[in-house]
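Asker: Residue numbers (the numbering used here), protein chains in the order written: chain A, 1 to 277; chain B, 278 to 526.
In case anyone wonders, no lab produced these hints; they're calculated from the structure. Where hints are given, some of them may not hold.
Here are some, though not all, of the chain B residues that point toward chain A, as calculated from beta-carbon distances under 7 Å [said to hold, decoys possible]:
{"id": "1", "residue": "Leu300"}
{"id": "2", "residue": "Pro303"}
{"id": "3", "residue": "Arg359"}
{"id": "4", "residue": "Met364"}
{"id": "5", "residue": "Lys368"}
{"id": "6", "residue": "Gly383"}
{"id": "7", "residue": "Ile386"}
{"id": "8", "residue": "His390"}
{"id": "9", "residue": "Ser419"}
{"id": "10", "residue": "Asn422"}
Glycine residues also receive a C-beta, built at the ideal position from the N, C-alpha and C atoms.
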Amino acid sequence: MHVKSIQKITSFWFKLSGAITLAILMIIVSYILIKGIGAINLEFLLTKPVDSGREGGILPMILSSLYLLAVTSFIAIPLGVGSALYMAEYNENHKLEVVIRFISQVLASVPSIVFGLFGLAFLIFFLKTGWSLLSGGVILSLMSMPTIYQVSEVALKSVPEHYKEGCYGMGATKWQCITSIILPTAASGIFTGIILALTRAFSEAAAVMYLVGSSLEMPTSLLDTGRPLPLHLYVLANEGISMENAYGTAFVLIAIVLTITILSNHIISKYEIKLGV
Amino acid sequence: MKIEVNHFNAGFGNMEILKDINLKIPKHSVTALIGPSGCGKSTFLRSINRMNDLSRDFCCNGDILINSMNIYGDEIDVVDLRKNVGMVFQKANPFPMSIYDNVAYGLRIHGIHDDYEISKVVEKSLKQAALWEEVEDKLFESALNLSGGQQQRLCIARTIAVNPDIILMDEPCSALDPISTLKIEELISELKKDYTIVLVTHNMQQAKRSSDYTAFFLNGEVIESGLTRNIFQNPQEIKTQDYIMGRFG
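In isolation and in its complexed conformation, chain B is listed as follows (with noise of 0.2 Å):
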């Protein structure tokens, strides 16, 4: 198991957002979080690289192991932790400075300063991301120039760059249009060769195409998780199956 969740509760203040959350997460896969808004999907995600710390009443107790290490131990790092679980976030987020800048962002801030090594890297990452015949020949233009897909892509490339060992998704193509979508969607099938990958949606039709586990959330518990096509196919509890047919969320 890459991710393993036990006993997890969090909230910020005196709201508790997550009630014990058990989940197991495979490596090289994808695994999507589906549940209707404010159920706690996206507080999970961002237990998962700690952004949540970022606000100054969060507070959590149980454990997520990744590789077997508690991050929320005392050991841990948050900047090595963030370098090893990259995350992508709901609306495109490039940074104001040039493409290849965005790109070795990552590399830069973790004190690879060699050029032949970033330039190299920052062409890998590009490919990757299926954004590379795209921009090869406006490398050094401001990357908000790019269209909604496009920057979404370069998060991904940017994210990949540091080559993490999971990517988290915060409902990456909630703002693209269908195209941009597909390829997005493209581009997580391929990328779980190499990544173990987290993915918020609220789009049942995303889950069902590009996930192999399903993790359903409500009013912060997990209902029922498993393989995507058990979970859509022959769901074990009403709540999910209501959801699923759209019958509420």
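Bound conformation, chain A alone (with noise of 0.2 Å):
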């Protein structure tokens, strides 16, 4: 009987919690769905802000994002992985192991608007960069590194030894290991993690307002000054532009990561059905 009940217990507050957490994120995205849907039409889409965002629409800030998206991939997609497969199959070395997991997970912590003042700091005022989407995806990619490494490590090293045993007992060299087998093996995981990472550094505002520039022309290139959306919203917010066009904003930046983040679990579900996994 007290097994029986506590086993009740259980079961209904581990219900109740994914009750609430989903119903959190229902009222919070539909919210911001609902208020920002009567702002969405092809103009707000498809030209550029007039009267610093009161009118017209937001083509450059997705624009910009979709640039700092760019460079962020381009960055720390391959230093990531890379430093994870370094770690997971050539490092012998443990100490450095540790000392590379702790910087990350304090990298990781570290909050965006310190990566921002740094930013700022170091690549504007000492490098003197200039204020470009290049400088923000430069710091977009320090900020999203870590989170690559860490899922990218675990995913690497949860690639079983004997599909590694049977590789190097065909006669595979250790490159051809890692491709053939390791990195499709593992590569739902490390996925995952990159999903994870560039959908955090395509909402971030704070790490990129002192990179950016924030200006409202349309971006033609990497070293223009540009605006992404979150910049845009918390721009629009904050000095009281137009409630309704932030809104807006946010409808266009939610809309563009669920449509990565569903379309990624699809391919991902896709591929461990063709591995068999």
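Reconstruct the complex from the two isolated chains, following the hints.
Answerer: Listed below in structure tokens is the structure:
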């Protein structure tokens, strides 16, 4: 009887936690989507803002965000996955592993505004790179790398030892083993980490606010200044320019992040079915 | 002699595992390595294709000659050695890819990319491993969906696809049911026409049924080796006799 009542209570507790989590997410997302949908039309999506964003659209912001995403992917994915590969497959020094893991944990927990201030001090004032989407992307890369590194390392280390043995037993070189067995087996885990880090970077305002120049113009290259969606949203709301357009911007931001997440989950599950795991 | 082992010692770090092993393994035969757990038979098997090299603190001295070449010599390329000396593991370990790609794997990493050639070898290897009829209509499904016995035969097919000289088998049936075990044993007798097979086994009946020669390992030494029927019917050493009678191990 006693065991059964514990069983009942715990199962109720788990169900409740699940329901509350789901409810919070649904409330936030649907609130923003409902508030924002009124602002969405083709003009909003395809034109420049007029009068600081009171009127007009947000196309330059969408483009700025995509530029930042591209720079971040280009820098953070190879570095994050590369260092995870080194740790999982090449490094034999346990102390180094502990130190690097600690550093990456610390880096992952540094507040994004600190990354932003560091970028301002180091890139803009010290290296004099100038305000640009590239500078913002570099800082977002530093911010995303620890997550990509940590998740990839776990994924790579969980590749079963017997796959590797089978592979080396066939006469594969280390590089062949990595490319043909280790990376494909760890790919869905690595991909999950990448998506997690990139969607966070995509939604980041504080880390880039001092770096991208916050211009309202259409960015034509990485060296142009720009203003990504989250920053635009922040400015619109913070300076009381237009709450309607702020919600509209939030709508677009959430829609893009949701699309990336849903699409990547779909790709991962297809891939896992193909591997048969 | 296909494999000749002279005064071979090996261990990990300070731990000595194999002591002064001397053994001759003839061509196109099945040699069973028997002995209780921890006697060094698997370490010895893994010395023949230098899989132990993957452990950083492995060290050894003495010679293992394959076709009269010392495989621990400076001029040996480990990749070529492992291509020539295939290995089937205790736990069936097909790669997480299709059945076809598993068998094609060795060919591709050794630089063969001609699809027609690969498909012919895949079919031939699967037939040789007595698996073709069971998988011919699902070659492009994941190998991980096969049963344990089928997976182990797939691993054998994968190994013979690169046309090795020698096949090492590390307790290949220990995780399989009796029917799958029987299939693998039949396969072993079939394969010895083309390959030299070294088989580590815990199962005395298996050694008796499928091998031509047997070496009995105990505490890192070869106590006795010779024709299987001599070892089982007329062992010269008391320890061998005790082991095969089931008095220890």
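Asker: Each hint: holds or not?
Answerer: Verification of the hints:
1. Leu300: 21 Å, violated
2. Pro303: 23 Å, violated
3. Arg359: 4 Å, holds
4. Met364: Met364 of chain B check passes; min Cβ-Cβ to chain A is 4 Å, inside 7 Å.
5. Lys368: 6 Å, holds
6. Gly383: Gly383 of chain B check passes; min Cβ-Cβ to chain A is 5 Å, inside 7 Å.
7. Ile386: Check passed: Cβ of Ile386 of chain B comes within 5 Å of chain A, closer than 7 Å.
8. His390: 13 Å, violated
9. Ser419: 2 Å, holds
10. Asn422: Constraint on Asn422 of chain B satisfied, holds at 5 Å.
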